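Trainee: Order-wise, the sequence lines are chains E and A.
Taking the working numbering, I'd label the letters of the first sequence as residues 1 to 272.
Taking the working numbering, I'd label the letters of the second sequence as residues 1 to 244.
Worth flagging that the hints you see were computed from the coordinates, not collected in a lab.
The model shown is predicted, which means the values in this text are computed figures rather than measured ones.
Backbone N, C-alpha and C fix where the C-beta goes; we use that ideal spot for every residue, glycine too.
One thing to keep in mind: the hints can contain errors.
As the list claims (entries may be wrong) - Label-pair distances were calculated between CB atoms; the ranges are:
1. A:130 <-> E:174: 55 to 65 Å
2. E:174 <-> A:235: 52 to 62 Å
3. E:9 <-> A:183: 50 to 60 Å
4. E:51 <-> A:40: 24 to 34 Å
5. E:12 <-> A:186: 25 to 35 Å
6. E:133 <-> A:22: 31 to 41 Å
7. A:130 <-> E:31: 22 to 32 Å
8. A:58 <-> E:187: 49 to 59 Å
9. A:130 <-> E:12: 36 to 46 Å
10. A:71 <-> E:140: 26 to 36 Å
11. A:71 <-> E:174: 25 to 35 Å
12. E:187 <-> A:176: 49 to 59 Å
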Amino acid sequence: MSLGDLGWRGGLHAFTGIVWREGLRFVRQRERFFSALVRPLVWLFIFAAGFRAVLGLSITPPYATYVLYEVYVTPGLMAMIQLFNGLQSSLSMVYDRETGAMRTLLVSPFPRWFLLGSKLMAGVAVSIIQVYAFLAIAWVWGIRPPVAGLLWVLPALVLSGLMLGSIGLFLSSVIRQMENFAGVMNFLIFPMFFASSALYPLWRLRESSVLLHDIAAANPFTHAVELIRFALYGQFNPLAFVVVLGCTTLFLGAALYAYDPSKGLLGRRGRD
Amino acid sequence: MTPALVVASVSHQFGGVKALDDVSLTVERGSFTALLGVNGAGKSTLFALITRLFDNVTGEIRVCGNDVRRESGPALAQLGIVFQSRALDADLTVAQNLAYHAALHGMAPEAARARTTEVLAQVDLADRRAARVATLSGGQVRRAEIARALMHGPRLLLLDEATVGLDVQSRREVVRLVRALAATEGVGVLWATHLFDEVEPSDPVVLLHMGRVLATGSAAEIAAGEGLAERFLGLTGGAGRDAA
């Protein structure tokens, strides 16, 4: 695990450069920022308001008392931002691969694990900025978690962002063309989001379908949501932590394998 | 002196299709070597292997003496590349693109800024430093890509169909620029093209067709009194008639 002749100082320049470029692209593509915010805000302002009356919530950890549906759904929407950001990253990586821009990154003398890891971290940083922008608007809307929770949630956001970004990175290695992304949306992203505890507690799901409850309980996204939810209220959910950490390791490992020039899938397909 | 590039007995296949078959070639430092072949000859696959986008399974590739598979860091540090498809970020400025590339080679920001000034002057784009890539002409984009490839001071420059899509004037400028780099900077150049008029009689040439090297030598030697294009058509049985 060395950075070779370029050393850690060179590695730091490379890491900073990758994060800086991702930030620049983010600033330049304002519509990306706004669309990333609009999606969860629509859920918060419209969906949550409509469902407040329909969905009754009993006291569910980490909440110490009854909470409004908007309060319950907020951590799920924070994770949703990161889920779609991970998807956006993988989409842009497939696009970069199709246009050739990806090769600029891959022909760097730094090891591939380092380059992809840096790109992943850059994506996580962008997603966290989006999440805090969302939290600021939610605060104005009346969703006010403990102030300290806004700090406690940061490590949870880093870890969940890494997991969802790793899934995106892995997807970018196995998806051949941009057109296939519609399939990913329909068969992966939407089921991942809806079959989770983002919108309703697991005990609610069990009341309607035990099978759906079991699927949601096994869904890594559920654990990302719960990790964020507990951290936002100053609590630690060990099960969610272990599952998110394990899934991050698994998907990142699979992505690094797929992008490895000696083992991966790219060379076998005759592209790039 | 160690050659800028040595490719020795490299073969590669995708699934059951052989893309390269026992390819060998050498690019000396300071030389402008033309890799001539029609579309599908295997030029881009060879470039992908040299740049380690994926590994060669058989044979050996050395950049300035460094094995691309086993010493990929030092090998890639010596190598600059202009890909066939354009690979600059259109949303960013020329200087930002160059700074990103410099960072990917571990250069400190101050060194990168100074080097940006140098290479942009070299490719005659000093006045476009702050321009967004989206606003550049095709020829300017190609020159900016060459500037980017030069940022880290490579000893080997690979250009894959670098003049495709350019008008005649821009094509000439790009070819002239790259020839000057080889002559004055001692950079070894591997120039992949299917356009025969970009090759001069004294240039070392590698004729690649359907993944195999058909001939190597200077363009004049290979042409053997005929035109290079006619000789190529003779060797390939008429493939690439349009390019010729």
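Trainee: Hints first: check each against the structure and report whether it holds.
Mentor: We went through each hint and held it up to the structure:
Judged by the Cβ atoms, the range 55 to 65 Å given for residue 130 of chain A and residue 174 of chain E is violated: they are separated by roughly 39 Å. Between residue 174 of chain E and residue 235 of chain A the beta carbons are some 40 Å apart, a value that contradicts the proposed interval 52 to 62 Å. For the pair residue 9 of chain E and residue 183 of chain A, the beta carbons lie near 34 Å from each other, so the given range of 50 to 60 Å is not met. For residue 51 of chain E and residue 40 of chain A, the hinted distance range of 24 to 34 Å is not satisfied, since their beta carbons lie about 57 Å from each other.
Checked against the hint of 25 to 35 Å, the pair residue 12 of chain E and residue 186 of chain A passes, with Cβ atoms roughly 31 Å apart. Between residue 133 of chain E and residue 22 of chain A the Cβ separation comes to about 57 Å, which falls outside the hinted range of 31 to 41 Å. Distance hint check: the CB atoms of residue 130 of chain A and residue 31 of chain E are about 23 Å apart, consistent with the given range 22 to 32 Å. Look at residue 58 of chain A against residue 187 of chain E: about 39 Å separates their beta carbons, and that is not inside 49 to 59 Å.
The hinted range of 36 to 46 Å is not satisfied by residue 130 of chain A and residue 12 of chain E, whose Cβ atoms lie roughly 26 Å apart. Roughly 56 Å separates the CB atoms of residue 71 of chain A and residue 140 of chain E, a value that falls outside the hinted 26 to 36 Å. Checking the proposed 25 to 35 Å range against residue 71 of chain A and residue 174 of chain E shows it holds: the Cβ atoms sit about 29 Å from each other. Distance hint for residue 187 of chain E and residue 176 of chain A: a CB-CB separation of about 53 Å, consistent with the stated range 49 to 59 Å.
Figure legend: structure checked against the earlier numbered hints; hints not met, in rising order: 1, 2, 3, 4, 6, 8, 9 and 10.
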